[in-house]
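A.B. asks: The primary structure of each chain is shown beneath.
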Amino acid sequence: MTIFTKSLTLVLEGNFCVANITEQVRSVVQGSGIQAGIALVFYPHTTGAVTLVEHEAGIIVDLEDVLEKVAPTGHDYKHHMRGYDTNGAAHVRTALLTTSVTVPIIDSDLLLGTYQEILAINMDPDAPTRTVVVQVMGE
Amino acid sequence: MGQITHVAFMVGGVLVPRMMDVTLELLHSSSEVDRHTKFDIHFLERDLSLGRITPEEYCRQAIKCTDSTDEPSYMMHAIPEQIRLVPGMKALVDELAEKCMTCLVSDYPRLWLKRIWENTGLSSLLTDDRTLILAEANIPDTYPELFQIVMHTFETRPGSALWIDYSSPRTSWAIRQGIDAIVFVDEGRLRRELEMRTLLTTAIRS
Numbered sequence: 001m002t003i004f005t006k007s008l009t010l011v012l013e014g015n016f017c018v019a020n021i022t023e024q025v026r027s028v029v030q031g032s033g034i035q036a037g038i039a040l041v042f043y044p045h046t047t048g049a050v051t052l053v054e055h056e057a058g059i060i061v062d063l064e065d066v067l068e069k070v071a072p073t074g075h076d077y078k079h080h081m082r083g084y085d086t087n088g089a090a091h092v093r094t095a096l097l098t099t100s101v102t103v104p105i106i107d108s109d110l111l112l113g114t115y116q117e118i119l120a121i122n123m124d125p126d127a128p129t130r131t132v133v134v135q136v137m138g139e
Numbered sequence: 001m002g003q004i005t006h007v008a009f010m011v012g013g014v015l016v017p018r019m020m021d022v023t024l025e026l027l028h029s030s031s032e033v034d035r036h037t038k039f040d041i042h043f044l045e046r047d048l049s050l051g052r053i054t055p056e057e058y059c060r061q062a063i064k065c066t067d068s069t070d071e072p073s074y075m076m077h078a079i080p081e082q083i084r085l086v087p088g089m090k091a092l093v094d095e096l097a098e099k100c101m102t103c104l105v106s107d108y109p110r111l112w113l114k115r116i117w118e119n120t121g122l123s124s125l126l127t128d129d130r131t132l133i134l135a136e137a138n139i140p141d142t143y144p145e146l147f148q149i150v151m152h153t154f155e156t157r158p159g160s161a162l163w164i165d166y167s168s169p170r171t172s173w174a175i176r177q178g179i180d181a182i183v184f185v186d187e188g189r190l191r192r193e194l195e196m197r198t199l200l201t202t203a204i205r206s
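First to last, the sequence lines map onto chains F and P.
Residues 1 to 139 (the numbering used here) are what the first sequence spells out, left to right.
Residues 1 to 206 (the numbering used here) are what the second sequence spells out, left to right.
Since the hints were derived computationally from the structure, they do not count as laboratory data.
A few of these clues could be false.
[Unchecked claim] For each label pair, taking beta carbons as the anchor points, the in silico distance ranges come out as:
#1 P/Pro144 / F/His91: 21 to 31 Å
#2 F/Val66 / P/Gly159: 22 to 32 Å
#3 F/Pro72 / P/Arg130: 18 to 28 Å
#4 F/Asp65 / P/Thr69: 42 to 52 Å
#5 F/Thr86 / P/His36: 20 to 30 Å
#6 P/Glu98 / F/Thr86: 25 to 35 Å
#7 F/Ile3 / P/His77: 23 to 33 Å
#8 F/Thr131 / P/Gly2: 40 to 50 Å
#9 P/Ser123 / F/Lys78: 54 to 64 Å
#10 F/Val66 / P/Ile149: 36 to 46 Å
#11 F/Ile3 / P/Arg130: 21 to 31 Å
#12 P/Ser123 / F/Val66: 18 to 28 Å
#13 F/Leu111 / P/His152: 42 to 52 Å
#14 P/Thr198 / F/Gly83: 49 to 59 Å
[To be verified] Once the Cα atoms are required to be at most 30 Å apart in a straight line, the calculated DSS-like pairs of lysine-lysine come out as:
#15 P/Lys90 / P/Lys38
#16 P/Lys99 / P/Lys114
#17 P/Lys114 / P/Lys90
#18 F/Lys6 / P/Lys64
#19 P/Lys99 / P/Lys64
#20 P/Lys38 / F/Lys6
[To be verified] Selected chain F positions facing chain P (in silico; Cβ < 8 Å):
#21 Thr5
#22 Val11
#23 Glu13
#24 Val18
#25 Asn20
#26 Gln24
#27 Asp126
Using N, Cα and C, we set each Cβ at its ideal position, and we do this for glycine too.
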């Protein structure tokens, strides 16, 4: 089995900025030389997520609205009392979402559903550059 | 949503590549660009778009933060010459113009936009009165103020307008202002979304 790992650097405005990274991940898979296996897409931060969803503007607003109800930005988070920063909402939202997705690879391509796209979401108000790790495993 | 009569495109990231991507490609021939450089260019792009710096200053600073040996004068000339339309977008804008008014919001400064239009052939489709250049709009940031200016400039209202942009925060803002919006991924996806809104005369693809 071969393991191929690559990091992607994303520039994402904060708060709730979404990037469609499907093509970048596909490019890593194709560059890995692996024909069959899996691709792990991992978001190594605590104030963002990666998810598989249709990249449609209304869905993004709906997702943000739901998260605002569950973890409002204006809430008095205990995290803020520690005095480090004021991104409690982003931390809680990250815990509720996913920081990695796994996609099967067949014929050196991602086996995604018709409307499935890999999205990275930056929810941190003050961190515009983020890294996403793509690890391709297989033969 | 009512009948869409006006479709506004963000220029960079939809019709042509973003300024930041063109700059990095031009100044950084190696494929890997570190996050600090990307970060710096991102903010330079924003400052130029909003008219906070001139194109000359943008070139000088971009060269500095990428450690390039290029001259600013070369870059001033090379950026607009390097830019090509995103494949399929000219035909799509052409088709769309049959059903509604197509308008542009340009994050590129006038000097470069003019050259891009000449080089890409889009000048035949789009005129000055249908173009809003962000750097000349005197706004502090690209949203939410942008949408009020867009509605005013193109004499439309939220329920009649469609906003097409690569930026998810801006499309989200547009939707929250009552403007229909499409986040641009590629021409095929955009075509599908426009067909769903019956804004194209072509048949819906299977």
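A.B. asks: Are there hints from earlier that the structure breaks, and if so, what are their numbers?
C.D. replies: 3, 6, 7, 10, 11, 12, 19, 21, 26 and 27
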